[in-house]
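> With chain A fixed as given, assemble chain B onto it according to the hints.
Number of protein chains: 2
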Amino acid sequence: MQIIFYADGGAAEQWLTELHKALPLADVRVWQEGDSAPADYAVVWKPPAAMLQGRTGLKAIFNLGAGVDAILQLGGSLPAGVPVVRLDDAGMAVQMAEYVSYAVLRYFRRFDEFDAQARDHQWRFLKPRRKEEFSVGILGMGILGARIAEALLQFDFPVRGWSRSRKEIPGVHSHAGVDELDDFLAQSQVLVCVLPLTPGTTGILDRATLAKLPKGAYLVNVARGAHLVERDLVDLLDAGHLGGAMLDVFHDEPLPSDHPFWNQPRITITPHVAALTLRGDSVRQIAAKIKQIERGQPVAGLVDITKGY
Amino acid sequence: MQIIFYADGGAAEQWLTELHKALPLADVRVWQEGDSAPADYAVVWKPPAAMLQGRTGLKAIFNLGAGVDAILQLGGSLPAGVPVVRLDDAGMAVQMAEYVSYAVLRYFRRFDEFDAQARDHQWRFLKPRRKEEFSVGILGMGILGARIAEALLQFDFPVRGWSRSRKEIPGVHSHAGVDELDDFLAQSQVLVCVLPLTPGTTGILDRATLAKLPKGAYLVNVARGAHLVERDLVDLLDAGHLGGAMLDVFHDEPLPSDHPFWNQPRITITPHVAALTLRGDSVRQIAAKIKQIERGQPVAGLVDITKGY
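The listed protein sequences derive, respectively, from chains A and B. Going by this note's numbering, the first sequence opens with residue 1, and the numbers climb by one from there. Going by this note's numbering, the second sequence opens with residue 1, and the numbers climb by one from there.
Isolated chain A (complex conformation) (with noise of 0.2 angstroms):
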């Protein structure tokens, strides 16, 4: 079995080693311009479109990461018939939730406001905001989001989530379609993005989805930057509508030194490191969905390319 390998930025040499040891009998190599020989399987993050190009006799391409627009935006590269496959968690889920409850207790808890005064040697007391007039509103249902909607009820938050179709998860309220987008946003306090990259999606943390939120009301994005319209975030934080934001991911990353996110108090920045690809959980995963492949079973975590994810 020949397995073609390229991740972008990625330690090559260390995903070789743990994708042999899980796969002993298969031939891995790190895949170089001109490489058309033959393969059965690439495994990728954000690959050049001469990669995959042609490449009709591939039985699967495994994406290293949850959001799969990357590839997608290879279009007409992408091997015409072959199954595009998602990680569908390895490990992500549980780091997502960790940063989307950090997130929000920090705002909630009003630890932002404590680290400020005790900058200024300051000990006062800050009124406790009520949870009950406290949703968080999670922007995309899928694996993802449920996990984190799990992190949030075990908090007692009241937990809202919007997606395409209508998603029952115990506990939480669920709201789906364009018709129920703006009810949706106007009881989110917290405004969690976690919607994949599609031509749909892109741009749609806007002024007007951003003014529907209530007053006062924290943005949190770690799906991508090109959901956000940066400026509309800065302008509606200037006149005071929204209170804040923490973001992990950007329209340009690594963050320009002169963006104006870096002046902005009330911006957390963090440098994509919501979720990261564990090396691990990764490659097992892949593993058992070749052998899945290699019996003729079916694999959990398909694409479906004319949805975007």
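Hints listed in this document are in silico derivations from the structure and should not be mistaken for laboratory results. There is no bait here: all hints are sound.
Identical copies look the same in the list; a pair holds intra-copy or inter-copy alike.
List time: in silico SDA-like cross-link candidates among lysine to any residue, alpha-carbon distance up to 25 angstroms:
#1 K212 <-> L236
#2 K131 <-> E150
#3 K167 <-> D88
#4 K127 <-> G65
#5 K46 <-> L126
#6 K131 <-> H241
#7 K131 <-> V94
#8 K131 <-> A146
#9 K127 <-> D112
#10 K46 <-> V303
#11 K131 <-> Q154
#12 K131 <-> R147
#13 K307 <-> R55
#14 K167 <-> Q154
#15 K212 <-> V234
#16 K131 <-> A211
#17 K127 <-> H251
#18 K131 <-> A22
#19 K59 <-> D27
#20 K131 <-> L16
#21 K131 <-> R284
#22 K307 <-> D69
#23 K167 <-> V303
Structure of chain B alone, referenced to chain A:
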């Protein structure tokens, strides 16, 4: 039925309104110096000795909080044979779980370091800590400790608990008694103190204890300031043995403006807000317990005065 009320620093009027509503047939009054008229129950927070002295006619004293150290310090002034009843939870446990989860996530996910980088407009990846090597140890496994454990387990943290007598909590590695304390400390990358304050636990977080934590360990104190020898914490931070601390309680509160903690960037300070007594929940609980006592039923939360909690 006569109820006397006293709350140090509290909004007596609002408590009285709630108590009247919950127990409409009771006569509730704020205790004042010199009031020795009969009473059936006392509802108190940090009461003066004169309020309770000699009042053997009380059927119970209710403490407006989980920690009963301020009442027990009255010692011989407490009327003999009168049960002291602590609030079991009254909304405090989930607040403790929120606070500790926040502190643990902030340290584990290195959000404090990302904040520092962001202040310098720096976008830099930091190697994630490994959860398998990141045990959280909870000192004190009562109602609050158990709720904290539940929240942390949900994020897949390895959780250890230490208490005087062994507690069996699913998923928690239980340590009990003085003999097992050192082993517990040696394996706690984060140490969370939620012990009752008794003569036996006063100053328990001293140099000897903190030095047994692994290098780089983090301390969270949400119990009482007197558990910690503050000078020893500063020394162990300066020596590089401890990685940081998040403290909600202090020897002197408010924390004096010239206290060295304010200038130590690795100490996060909050002004005793980890778990506020919620008036509504507390009053409902007290009213329910009074009804149980009047019907001759046993009540939960009885303080064992010899143990001190």
